[in-house]
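**Student:** From first to last, the protein sequence lines are chains A and B. Numbering-wise, our numbering puts 1010 at position 542 of the first sequence, and it's gapless, one number per residue. Numbering-wise, our numbering puts 536 at position 68 of the second sequence, and it's gapless, one number per residue.
Rather than coming from a laboratory, the hints here were simulated on the basis of the structure. You can trust all of the hints, since none of them are fake.
Copies of one chain are not kept apart here, so a pair can be met inside one copy or by any two copies together.
Below 20 Å or equal to it, Euclidean Cα-Cα: the simulated EDC-like pairs (lysine to aspartate or glutamate) are:
1) Lys731 / Asp744
2) Lys875 / Glu498
3) Lys690 / Asp886
4) Lys882 / Glu653
5) Lys863 / Asp657
6) Lys660 / Glu865
7) Lys689 / Asp886
8) Lys1001 / Glu537
9) Lys878 / Asp683
10) Lys863 / Glu653
11) Lys838 / Glu783
12) Lys761 / Asp771
13) Lys890 / Glu653
14) Lys578 / Asp744
15) Lys772 / Glu757
16) Lys995 / Glu1016
17) Lys981 / Glu992
18) Lys961 / Glu987
Keep in mind that this is a model prediction, so the values were computed, not measured.
Here are the chains, one letter per residue:
Number of protein chains: 2
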Amino acid sequence: MKKNKKGGNPSTDYIAGSDTLVYALGGLGEVGKNMYCVEHDDEIIIVDAGVKFPGESLPGVNYVIPDFEYLVKNKNKVKALIITHGHEDHIGGIPFLMQVIDLPVIYAPKFATFLIRRKLEERKLANQVKIVEYDGNSSVKTKHFRVGFFSVIHSIPDAYGVYITTPNGTVLMTGDFKFDLTPYEGNTDYQKLAFIGSTGVTLALSDSTNSAISDFSLSEKKVGQQINDIMKNVKGRFIVASFASNLFRVSQILEAAVANGKKVAVFGRSMENVVDIGQQLGHINIPKEHFVKAHQLKHIPDDKLCIVCTGSQGEPMAALSRIANGTHRQVKIMPGDTVAFSSSPIPGNSESINKILNSLSRAGATVLTKSVLSNLHTTGHASQEEQKLLLQLVKPEYFMPNHGENKMLKIHAKTAIDVGVKPENVFINKNGDALILRDRKVYRSNQGVHADDIYVDGYDTSGLDSAVIKDRELLSDNGLVSVIVSIDSRNNKILCRPNILSRGFVYVKESKKLIRDAEMIVFEALKKELEGKTTFASIKNTVRDSLEPYFLETTQNSPVIIPVILNKHSDQA
Amino acid sequence: MKKNKKGGNPSTDYIAGSDTLVYALGGLGEVGKNMYCVEHDDEIIIVDAGVKFPGESLPGVNYVIPDFEYLVKNKNKVKALIITHGHEDHIGGIPFLMQVIDLPVIYAPKFATFLIRRKLEERKLANQVKIVEYDGNSSVKTKHFRVGFFSVIHSIPDAYGVYITTPNGTVLMTGDFKFDLTPYEGNTDYQKLAFIGSTGVTLALSDSTNSAISDFSLSEKKVGQQINDIMKNVKGRFIVASFASNLFRVSQILEAAVANGKKVAVFGRSMENVVDIGQQLGHINIPKEHFVKAHQLKHIPDDKLCIVCTGSQGEPMAALSRIANGTHRQVKIMPGDTVAFSSSPIPGNSESINKILNSLSRAGATVLTKSVLSNLHTTGHASQEEQKLLLQLVKPEYFMPNHGENKMLKIHAKTAIDVGVKPENVFINKNGDALILRDRKVYRSNQGVHADDIYVDGYDTSGLDSAVIKDRELLSDNGLVSVIVSIDSRNNKILCRPNILSRGFVYVKESKKLIRDAEMIVFEALKKELEGKTTFASIKNTVRDSLEPYFLETTQNSPVIIPVILNKHSDQA
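Take the sequences, apply the hints, and build the full model.
**Tutor:** Written as structure tokens, this is what we have:
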């Protein structure tokens, strides 16, 4: 057995049929597009299928998804997709995955099944897969695996962790979790976690998002108390923006409003949706008479009105932005208003949030954020002390931090060692790295599986087109060449000539011909590509392979080439 | 079933033979003299037998112990004493208890058995009881009870909680505990705690000492890191005072000294003892060559010397006090010394600690305390978040906070309700209040058992006599009459005429005759009392009953009468 370059862990060759493999196609070295697989012989269980939101570094890209190539090659092995909870970075990849493999069954907890069904119905895919709801008492059996579930607390209802008993040991995945000792709804199943721990966990994967945050995270109930305290004291209208997907938060805001004699108006499509779903599923139990519609606002005294809205991240088209900059039809900020952000800024959004804060302030509102009142928001992810508690309950023999950027994984690894996991039993992996379970021991595999990022556009752009284009112009700098390709993946057709945007590469005015020629080269290469069966990954490679030599030859330069695939399939279905 | 005055809990009559009783003879409404009993039919299990250190309010009293009257009356029922850990407020009452009942067996964890044996050997009582060592795998069975144990973390090695399965449900007592997710030595048995929780805990008693402290307490290892950091940087001698009984702390100080190339000198009898015991039992693993004796100090360079000593509470006769005021034979403070208090002031000691801090500072030492460096000390008791975690793991149906003053019990009760225990299932009790377990339900009993404080003097006063007398003169104010009675409890003899000290009652000069007469009255009453078999409680009552009418008649006043029993038994044995 030899040491490999990735640390002190011994590596070995995979013995098909007797070893069990554990690898990630997404979620390691990043926050997003989570996809973890456990493979034994002729069976693969997939845990989560998420997207990543690319942020400013990838202009024109709406989603990043894992390259599913390995799963396509082994599609007959895929026995089930298990979903831990309903956030986009865990379910957003399902429609893409279903385009390339026949998924026999999706197991998901109640709230997630609801969101998945809605997503698949929008894309006319709902009939192509069996969706089975699970809870903490469920178990799933396949030839080689037994899968069980334990409830955890996260920032969405119905979040679970998963443990998979394999022929070579038990693999536990926390899913996204935090410990909340006084949760608003639901609870961590401490007893089951400890029981799994006492039966012996070979390998644990645990959420690393907040591994750099010391202490224990704030209880969701403390946030509810804070919001209630604010509402007690506000004299004018109270406007609060939050993440729509955090039903606990939305529900607590509504309860505080009712407790303080305020009517509630809900603004923003996703917020309206979530209140609707929350009522349907029983997470929100506020009688109808407390809600008011936009046209009724003028009849409500200022101190009797609470507005709940989207836009806590400064999204330019969200309700709060329009309220702040005076373009909202029903609500304009006036002196006496109090606006609370029950949220924290996602990195990259601080500038747009700051803009709104200033607009609100200029218009005379009192603005409250987490930096002023620290109890205005709490995270859904475990910080260090919670990560330690998880490890104390589960007592894994081997540990692989997941769900995080490399620096987060490293800190989480150190935490695990502090709690008592042997340093040589901790693995900091990348997507595609594989671990081998063999008789309750874990080794690094000498060979990984193929993993890559796939950039996708074409879904959920409704109402955002002009903004997206504007962003693209603003953002595609630093020597980038975005190649926008519109295809219809049902009949493998290119829908229009590829469109190339460049920034920091060549002056556009001086190089109109260069760019036009490049667009033709891509078009020809893709036409050929699309004659046979193809995949997103393959299209991406074709774009790159066709342009790189051309640019190098004509400009002696190698810009970063980002293929953006606008898949028009669902829009026409 | 009627409501009684003590809250919303229903109360009922005890049905002997079928109900199970749970009550405390000490530990409720106070921090100290812990003694909790579980009784069913003809069996009583006692958990802990502690003393309380009375502090300034009780002049002339060295210990307060529970009144054992109820146990004496039911002595044939007592099947076992179970000790949770070796602190004095849990084991200090054992010799007193053994004077009044025949204890068949004491179950205690390893470190505690060591301390108990030493204590009983000093008093020639070691042969009168069987001492059995238990650990987390042990169980004790009697006719009606099964007792199991789970390891916890506290500020002393080998601390356990206890669960007692009775015919009417399971009673769990945490003992003194904290959660330390990165403990220095040992660990909480999370898996067992959660397992007990999942099998159903009817009634839980949990440590309330720090119920008013929010958050999670600091890990012991962080204190070790802090001490190591200080040692790395000190230029002169490093002197550190701590609680001798905290072997984890002492051990970490010694390890930091060795890691920083320092020799260690240990000063103070209890500190020398604990280092000795720690080495014997394997808690301290520092090679002998790192220790130096007092006479070798002058050969050690200042920056190569670490002195570990007693006196962190400002005790006037302890090593640090003598070092600070220049009366220590081998060590005098000089500029360049760093003195660290790895401790926190116990309420009541702040003035004497402050005096030492000033002496040290005047002599040129740099003084470090927890108020400057918060990581210099950590508690051994769970704060609020840990209390919540315990409740989440154990999920008791009914809850009785213990080990704390009334205000602590009340806050702990609120915490339990926040975590989900039904408000009507939480009992804030006093010593002597009894709970009835009946078919996994808990009721308040209409009748409690007798409970009272007994003030005792006569043990462990060696070397402190003059100080004690001085303190008595200073402290016995507020209309107090201390009646000091010296007896030999082996042969029921009064050893000298009772001695009465009074403050704030009558001017001593004007009332010499009054006091002398009072002393004679007590003497006569006690002589009669001691003709038959008697108990401390009974002596105490005789003192009070004989004096109260006399004082009322002669002075129209009723001073608080505090009988102080100097039992000379062991001194002469």
